[in-house]
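Undergrad: Given chain A, work out where chain C should sit, using these hints.
For reference, the chains in residue letters:
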Amino acid sequence: MSIIVGTGDYRYRIVEEWAKLPDGWSFKEVGAVGTDKNDNVYVFNRGDHPMMVFDRAGNFLRSWGEGEYPRAHGVHMGLDDSIYLTDDGGHFVRKCRLEDGKVLMEMGVPGKPAPYMSGEPFHRCTHTALAPNGDIYVSDGYGNARVHKYSPDGKLLMSWGEPGTDPGQFNIVHNISCDPDGWVYVADRENHRIQVFDGNGKYEAQWNNLHRPCGIFMPHTHSPICYIGELGPVQPVNRNSPNLGPRVSIVDNKGNLLSRFGDMHAGTAPTAFLGPHGLAVDSHGDLYVGEVSWTQWPQFFPDTPRPAYIRSLQKYERVH
Amino acid sequence: MATIVGSGDYQYRIIENWAKLPDGWSFKEVAAVGVDKNDNVYVFGRGEHPMMIFDRAGNFLRSWGEGQYPRAHGVHMGPDDSIYLTDDGGHFVRKCRIEDGKVLLELGVPGVPAPYLSGEPFNRCTHTALSPSGDIYVSDGYGNARVHKYSPNGKLLFSWGEPGSDPGQFNLVHNICTDADGWVYVADRENHRVQVFDGDGKYETQWNNLHRPCGLCMPYTHQPVCYIGELSVNRLNANLGPRVSIVDNQGKLLSRIGDPFAGTAPTSFIGPHGLAVDSRGDLYVGEVCVTLWPGLFPGQPHPPGLRALQKYERIH
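Those sequence lines, one after another, are chains A and C. Using the numbering used here, read the first sequence as starting at 197 and increasing by one per residue. Using the numbering used here, read the second sequence as starting at 321 and increasing by one per residue.
Derived lysine to aspartate or glutamate pairs resembling DMTMM-like cross-links, with alpha carbons at most 20 Å apart:
hint	chain 1	residue 1	chain 2	residue 2
1	C	K357	C	E633
2	C	K572	A	E400
3	A	K450	C	E524
4	A	K450	C	D486
In case anyone wonders, no lab produced these hints; they're calculated from the structure. Please read all numbers here as calculations on a predicted model, not as lab measurements.
The following block holds chain A by itself, in its conformation from the complex (with noise of 0.2 Å):
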């Protein structure tokens, strides 16, 4: 019996289980997802194996990456075959090879932060975006408040923003996207919202009615919609409180909600999420949301030791 989630046109019946991981393998919690042209399904996790690879099936191709990524963040595709990860325990951002993870281009020093919200790249970035000319966006992150434009070739362009709350600030540069016109969506988490920029870093306007948007998806269109995975209430005040996420929501590209899913409390069930932090959809309109879930337990059952499994990774096949 499938489970449908979803309203209107973005519906999707649950597809339990769907990665085959090989034998004592396992993600720990997933920091992002991407799928390449061919459907082929990018999970960089914080496991030993943080970068693992799946065809549509959910059957696993390889693994690369082991020992070199300290706290997988973020994943953009690129459009030659390559892969841009970001990785904010490390401070640094790395354009890959798809086949087997070969430095492309790295930016930043690993190991070596920027000090603590001086601007300077980077603190904990947090994520990449491509221009329609190439240039990079990073997204930066916990310990900065900017977003730096690099060009192609990783040389830093400009950067914008800085603490607060006024359009333009940013209270955890969570995650970043970019439209084939050139607009820049970021998840400017704390603040509950999604600021949307020119290319030059130029305020435009912000979407609303969001709790903590965290991990964000948009096809590469004109006026694309936007998935956001969405984190939780966790403060004392509200952890108790239903429909705030953990939760999944999907919107159009003036941030009017289309679809949402997601139970009214974070949990376990194949409906409900913990912490969906990197969601990809693929060709099909099949979506994928990876979760933190390790690390969001503690904050919403500080009294339930975790169990020994906790889904990080699910497929939601969009039904037509």
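TA: Using the frame of chain A, we list chain C on its own:
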């Protein structure tokens, strides 16, 4: 040397140690403040004397309410020499005579909360406001996600709101205000916004670009400005409160007071929770400094005499 804070048309001279408390008395911390038509100041605190009243020079006039208010939360001044007190620990609202605190009307059952998130009044109600016709709005609160509307004599007319982040949904309904045209302004604290409704609870708009808006104060005029106390989360990141922001009736920032980080300097805040403005435009800010101290300064005991109230004299 006077310290001036704020910007533009809303600049203030800080009046330190304004309130002259009787020897040995303490606010402990201040949840809310109100001013009457004579500019006397009503300080609703969490010490042994929950209501202390001062003249505008800070001279102590009287106290009342001892033993009657488990946890002071909200103050709204009535037009008829009355004051509406909201107690979230006691789950009740009382309309009191300002002179002596005599209870004129009581909503809720003291000590008996409605079930958590039941939508029924009250579970840790937070504040009140009056419509132009005298109807009473109650924000409710920590343990509900509702606004209730009562007739002037305390009959429940209707309620609106539910948990969530959509328009009309709430994530900790912490304060409420009205204006002379009947618009209702709700501090939806953990959604980081103020929502605006008509008098029937129909969503109109929201103000963003705020950080945990906590205490609201609006002059009772047409299209009033709004004084907003905002809370922070910790002392890690600059420019996220605690602070006081003054916005116009579209939510656009006019002035902002507070240092980049929480602190005990006269120019900074710990937890600006209750605000009031008198006839001269002077601002009083009450702070829940004891409650918020441990989250801001973990592992450090709070200093004796932590400031819980300060006056800001408007510069005209």
